[in-house]
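Trainee: Chain by chain, the residues run as shown.
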Amino acid sequence: MQMSIPTVSGYNTTFANVGETANKGLDLSLTTVNINTRSFQWTTTTSISWQNDHIVSLSNGKEDDINNTWFIDQPLSVIYGYKGMGLWHLEDSSTYKLYNAKGAAFSAGKVRPADINGDTAIDANFDRVIIGNTRPRWIVGMTNTFSYKSFELSIFLYGRLKYFYNTGGESETARGVQRTINYYNENNMNAEYQKPVYSEGSGDAYYPALGYKKASFIKIRNISLGYNLNSNTLKTSAISGLKIYVQVVNPGMLFSKISWMDMDVVEPTYNRGITIGLNATF
Amino acid sequence: MNTIKLIVKLFFFAGFILLYSCKKDFLKERLETDRGMDFYKTDEGIKSLAIGTYFQVFSDPFNGEWIYCATNYGVDEFSVGGDPSNGVWNGYDVGFNSIVTINNGNTALANTQWDNLYIGIGDANLIIENATASTSTSDDIKKVALGEGYFFRAYNYLRLVSQYGGVPLKTKPSTTVEQEFTRATPAEVYTQIIDDFTQAYNLLPSAGSPAKLTKYAAAHYLAKAYLYRASEINDSWNTSTKASDLAAIIPLCDEVIAQYPLTNNFANLWHYTGPDGANEQLPELILSAQFTADVSTNGRNTQHLYFTSRYDDLPQMQRDITGDRPYSRLRTSYYMYRIYDQVNDSRFWKSFRTKSRLNKASGGYYQNGDLGIIYIVNQPGDNRFSSYKLNNVVVDNGTGKTIPNAYIAYPSGVTTDGAMYIDVRYPSLSKHLDGSRIALNEQRGLRDMNLARSAETYLIAAEAKIRLASLGTGSYADALPYINAVRTRAQFVSGEDRAAYYDGGGALGASTSGQSPDKNSFMPENSYYESNNIAVTTDASASLAITDINSLPEGDEYVISTLGLTSDYDRMLALVLDERSRELCGEYKRWEDLARTKTLVPRVRAFNFQASPNIQDFHVLRPIPQTYLDGIQLEGKALSPDQKEAQQNPGY
Numbered sequence: 001m002q003m004s005i006p007t008v009s010g011y012n013t014t015f016a017n018v019g020e021t022a023n024k025g026l027d028l029s030l031t032t033v034n035i036n037t038r039s040f041q042w043t044t045t046t047s048i049s050w051q052n053d054h055i056v057s058l059s060n061g062k063e064d065d066i067n068n069t070w071f072i073d074q075p076l077s078v079i080y081g082y083k084g085m086g087l088w089h090l091e092d093s094s095t096y097k098l099y100n101a102k103g104a105a106f107s108a109g110k111v112r113p114a115d116i117n118g119d120t121a122i123d124a125n126f127d128r129v130i131i132g133n134t135r136p137r138w139i140v141g142m143t144n145t146f147s148y149k150s151f152e153l154s155i156f157l158y159g160r161l162k163y164f165y166n167t168g169g170e171s172e173t174a175r176g177v178q179r180t181i182n183y184y185n186e187n188n189m190n191a192e193y194q195k196p197v198y199s200e201g202s203g204d205a206y207y208p209a210l211g212y213k214k215a216s217f218i219k220i221r222n223i224s225l226g227y228n229l230n231s232n233t234l235k236t237s238a239i240s241g242l243k244i245y246v247q248v249v250n251p252g253m254l255f256s257k258i259s260w261m262d263m264d265v266v267e268p269t270y271n272r273g274i275t276i277g278l279n280a281t282f
Numbered sequence: 001m002n003t004i005k006l007i008v009k010l011f012f013f014a015g016f017i018l019l020y021s022c023k024k025d026f027l028k029e030r031l032e033t034d035r036g037m038d039f040y041k042t043d044e045g046i047k048s049l050a051i052g053t054y055f056q057v058f059s060d061p062f063n064g065e066w067i068y069c070a071t072n073y074g075v076d077e078f079s080v081g082g083d084p085s086n087g088v089w090n091g092y093d094v095g096f097n098s099i100v101t102i103n104n105g106n107t108a109l110a111n112t113q114w115d116n117l118y119i120g121i122g123d124a125n126l127i128i129e130n131a132t133a134s135t136s137t138s139d140d141i142k143k144v145a146l147g148e149g150y151f152f153r154a155y156n157y158l159r160l161v162s163q164y165g166g167v168p169l170k171t172k173p174s175t176t177v178e179q180e181f182t183r184a185t186p187a188e189v190y191t192q193i194i195d196d197f198t199q200a201y202n203l204l205p206s207a208g209s210p211a212k213l214t215k216y217a218a219a220h221y222l223a224k225a226y227l228y229r230a231s232e233i234n235d236s237w238n239t240s241t242k243a244s245d246l247a248a249i250i251p252l253c254d255e256v257i258a259q260y261p262l263t264n265n266f267a268n269l270w271h272y273t274g275p276d277g278a279n280e281q282l283p284e285l286i287l288s289a290q291f292t293a294d295v296s297t298n299g300r301n302t303q304h305l306y307f308t309s310r311y312d313d314l315p316q317m318q319r320d321i322t323g324d325r326p327y328s329r330l331r332t333s334y335y336m337y338r339i340y341d342q343v344n345d346s347r348f349w350k351s352f353r354t355k356s357r358l359n360k361a362s363g364g365y366y367q368n369g370d371l372g373i374i375y376i377v378n379q380p381g382d383n384r385f386s387s388y389k390l391n392n393v394v395v396d397n398g399t400g401k402t403i404p405n406a407y408i409a410y411p412s413g414v415t416t417d418g419a420m421y422i423d424v425r426y427p428s429l430s431k432h433l434d435g436s437r438i439a440l441n442e443q444r445g446l447r448d449m450n451l452a453r454s455a456e457t458y459l460i461a462a463e464a465k466i467r468l469a470s471l472g473t474g475s476y477a478d479a480l481p482y483i484n485a486v487r488t489r490a491q492f493v494s495g496e497d498r499a500a501y502y503d504g505g506g507a508l509g510a511s512t513s514g515q516s517p518d519k520n521s522f523m524p525e526n527s528y529y530e531s532n533n534i535a536v537t538t539d540a541s542a543s544l545a546i547t548d549i550n551s552l553p554e555g556d557e558y559v560i561s562t563l564g565l566t567s568d569y570d571r572m573l574a575l576v577l578d579e580r581s582r583e584l585c586g587e588y589k590r591w592e593d594l595a596r597t598k599t600l601v602p603r604v605r606a607f608n609f610q611a612s613p614n615i616q617d618f619h620v621l622r623p624i625p626q627t628y629l630d631g632i633q634l635e636g637k638a639l640s641p642d643q644k645e646a647q648q649n650p651g652y
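Respectively, the protein sequence lines represent chains D and Z.
Following the working numbering, the numbering of the first sequence begins with 1 at its first residue and continues without gaps.
Following the working numbering, the numbering of the second sequence begins with 1 at its first residue and continues without gaps.
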């Protein structure tokens, strides 16, 4: 596969057998009939899959490869960078002044990166870490079907759990088209994102650190409600069966760590639909 | 009666799948391509490799933003205009480090320049290796291609060493993945550069400029490399080479100057009427990056975008091809308004756009063709204007109407610099404007970019004379003939219309856009008379020649006193650096000139209002890109954080 290499060699990338990986996984599917009476049935199908991969060795030996974000004994796909510790606050001023004395420009409302080696300086060589894996550890799905007399209700849940997603952070450097964000200002000090810093320089240099998010979610992908009419009820033989149904696609999340994105389709926007249908059998 | 049935189905789909070290052969991949490296062993192959390297080394840097970031930002001539996408490269703030945080898709990363230069070096190494090994008896291979290979390599190493200091020396092509690199000393890099340029000088032909490399291009750059090595930034180790380097510069420059006479009118250099037109063939041009209208070529010059200030959002104005697409990245500094003799030196008026034609008349009073925007570049003490910005107040003498948008460098009572900095309006450097593009928002420009012209050769020689004088060889006045040659060319000649103006925006005739000239914002006129407030004259201007090193032109004395310089050497170095600005501003050289002479910090503090609070002594070198430090190994091991820090330039 393609990998990036030091450009001093004269090339950006090369194709190579880049290393060895190991992968463990488990898929489990379970269908239960919870209630089964003449007029009421409830069945549940649950599927769960779990996977855990890691890099065993790389073409350069058992050495981490930061530019390709490949790390020994770590998952194949990880985020590497400064870890966000939220924002600096007014009460931290004695702490961030220590950093400013070493050339930083922190102030209340700016992003607080984690100081991994604790030397009161944020440095690319010492303070970047593996933030987390980007492949979900768990993928879960569940379909519940209820039928009561001629009614049938089905709900499909889907989720991915235990992984990270890089939302990119909020640069807050221009008046672009953008979603509403909870940013720091004098009246909102307990904010999620840093204060906007507009200058001829750039915004907050560490803003990407606030973009790495835990991404777990469980979503209701589909709810459908149907009502079956058979020819006896219809008192006609012209139609042998008639089904009226209402289907809601993407009604919403049961929970999602990233509220403003649909992490199922990995987009901030998605389609939500209601279908009303009539299914006639002749 | 409820019966509850429970059915459990358990499927182990995959159970435990443990992929552990399959047989090695199973994973073997062989990448085979139609054209292998053997192609470069043929004459045709070497020549096509050389053509590709011309593109990589000379043309490709002008497609994008990093080149102005590395050479025109963070200096005295320019600062950030209305769009700060790459502001860190000007401001030297904390974000300027081995990782440059991406603001938006336009951000030039810390490694963009580094990578581009090393890719070019890789290509050059391939040329050199294959041309050396070639058994061809053709001069095209053994001499031309080989000379080109040495030139390309030295050219990129000179850029690297002047940006980063000592860098890894790679002089053989890689055939496998290599990760063991370490930085050489600046002395070693300069030795390589001077060897390579010398080889190029001996091998290259004398004809073919400015599109093709010649021995004169090699002479110009060899002189430049000697000058760089003899500069202040290398003072800790260059004592043994300094005197001989400086002495070697003069004959090289004289040889180039004899072949490449200055164009008699400075404006001719910028008189762009269409791709590959007359201004791109002038005898003054030693080397240019080539761009053409041929859409089958990759060449894409985007530099016309970046120096232009917004005009299209002002009253009575709209965007058009001749006004260019105003990216507003590089704001002209007040330094540029102060250093010229604005009455007698034509260069400011021929380098900057000070008037725009009204092109969106509305309201009945104005019509297209009136004066829409004027920048009055006056001098302190002028009390004619009440504010830096006057809308519908200043009267245009031509039409008798008021001008909708007027900006004034020094309003009444203001003698300090910076009145116009409140806004993001400024007279745009027009050297790169391109009205021949196919549409008003088209980024692909077609103009050549001059890389070396003999005016710079004169100034290299002048600086060498000044440095020799400081070593006790000759006198400072020896530099004056070289400086004066450039200065006197810039005088207005008898009969010249001093208000006449042209820039590349006027090349609409070569554009296939079909834009009506009535929509032009380009106006063939400058604000010379409005700014200088003198009577119209067609006399020759007073001589710009300097005769006494103790009495330098007013603009230079202003710079010298602002910087607090006193010694003859410092004054003369300031003069030559100012002259470089007057002549070469915006020609992608400035940062390196200031960094190597260690004048970057004082000049930025004095003249770049955005960077002055942040710049520190260590900023004379760029941060080594983090991607390089993260990618290399030492004895088979990735570098520890401490080892990386040891390879980084101090301060980053």
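Fair warning: there could be bad hints in the mix.
To be verified - Label pairs and their computed distance ranges (CB to CB): (1) 249/D to 104/Z: 52 to 62 Å; (2) 61/D to 33/Z: 54 to 64 Å; (3) 497/Z to 198/D: 51 to 61 Å; (4) 421/Z to 188/D: 53 to 63 Å; (5) 606/Z to 270/D: 54 to 64 Å; (6) 650/Z to 61/D: 26 to 36 Å; (7) 85/D to 365/Z: 35 to 45 Å; (8) 297/Z to 266/D: 36 to 46 Å; (9) 225/D to 104/Z: 40 to 50 Å; (10) 101/D to 606/Z: 54 to 64 Å; (11) 85/D to 650/Z: 25 to 35 Å.
Stated by the list, open to error - Straight line, CA to CA, 20 Å or less: simulated EDC-like cross-link-like pairs of lysine to aspartate or glutamate: (12) 62/D to 180/Z; (13) 102/D to 232/Z; (14) 401/Z to 63/D; (15) 589/Z to 232/Z; (16) 62/D to 617/Z; (17) 637/Z to 20/D; (18) 102/D to 617/Z; (19) 212/Z to 312/Z; (20) 519/Z to 645/Z; (21) 162/D to 262/D; (22) 102/D to 645/Z; (23) 62/D to 140/Z; (24) 102/D to 180/Z; (25) 637/Z to 64/D; (26) 97/D to 312/Z; (27) 637/Z to 262/D.
No lab work stands behind these hints, which were simulated from the structure alone.
Ideal placement from N, C-alpha and C gives every residue a C-beta, glycine not left out.
Trainee: Run through the hints listed earlier and report the numbers of any the structure violates, in increasing order.
Mentor: Of the numbered hints given earlier, those the structure breaks are 1, 2, 3, 4, 7, 10, 13, 14, 16, 19, 20, 23, 24, 26, 27, listed in rising order.
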